[in-house]
Amino acid sequence: DAKTTQPPSMDCAEGRAANLPCNHSTISGNEYVYWYRQIHSQGPQYIIHGLKNNETNEMASLIITEDRKSSTLILPHATLRDTAVYYCIVRRSYGQNFVFGPGTRLSVLP
Amino acid sequence: EAQVTQNPRYLITVTGKKLTVTCSQNMNHEYMSWYRQDPGLGLRQIYYSMNVEVTDKGDVPEGYKVSRKEKRNFPLILESPSPNQTSLYFCASSPGWGGERFWDTQYFGPGTRLTVL
Chain A
1 DAKTTQPPSM DCAEGRAANL PCNHSTISGN EYVYWYRQIH SQGPQYIIHG
51 LKNNETNEMA SLIITEDRKS STLILPHATL RDTAVYYCIV RRSYGQNFVF
101 GPGTRLSVLP
Chain B
1001 EAQVTQNPRY LITVTGKKLT VTCSQNMNHE YMSWYRQDPG LGLRQIYYSM
1051 NVEVTDKGDV PEGYKVSRKE KRNFPLILES PSPNQTSLYF CASSPGWGGE
1101 RFWDTQYFGP GTRLTVL
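The listed protein sequences correspond, in order, to chains A and B.
For what it's worth, my numbering labels the leading residue of the first sequence as 1, then goes sequentially.
For what it's worth, my numbering labels the leading residue of the second sequence as 1001, then goes sequentially.
Source of the hints: derived by calculation from the structure; they are not laboratory data.
Positions of the beta carbon are idealized from the N, C-alpha and C atoms, including for glycine.
Please note that the accuracy of each hint is not assured.
[What the hints assert, rightly or not] Incomplete in silico selection of chain A near chain B, CB under 10 Å:
#1 36
#2 38
#3 100
All chains, please: the whole structure from these sequences, using the hints.
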């Protein structure tokens, strides 16, 4: 599975959009981009995933560049409850090992 | 309610005393997995199971055993716990093969905080 690079931390004002970048320059054609988040010491929570098209659900939007070498997770109106560590993971649609990197610690500020 | 449950949630034990952390899911998922999380090291996969009677090692399997005798349960066994296994443990499950693709969205349990003295 391809390696990902994320900034270690970011701040965002409450009510504003939070844009979390992820670099995955070695991604291959059959690898999906997944985003999870972990609030404090709770179990990680699935947010969204995509292959090449942009995706949106009730939690967030995922924008994947045309060359698929990077992506951005967008939380459109961040709230204090969105403060968490956000993980970007790249993996094949079928597969075995699931690798979490250090993620981005997002702090939503009042 | 669809969920992954783990028991116990908290456990303090002593070195060498065998223990089992249970994991159960009620979503008929094929894939189950165990992770440990340590400060500065993030989440690391211990073992995973693609289906009943099929298990494989993750990144940090040493000192752990698993079994998958039924689809819903995936216990984590520490035969002789040591202090370096003090950690926060998570179980997860995902649907697995459905139609032509492997559904890989993992659902995590609430975690088990283990302390080995």
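Hints and how they fare:
Interface hint status for residue 36 of chain A: upheld, as the beta-carbon distance to the closest one in chain B is roughly 8 Å, under 10 Å. Because the smallest distance between the Cβ of residue 38 of chain A and any Cβ of chain B comes to about 8 Å, under 10 Å, the interface hint for this residue holds. Because the beta carbon of residue 100 of chain A sits about 4 Å from the nearest beta carbon in chain B, less than 10 Å, this interface hint is met.
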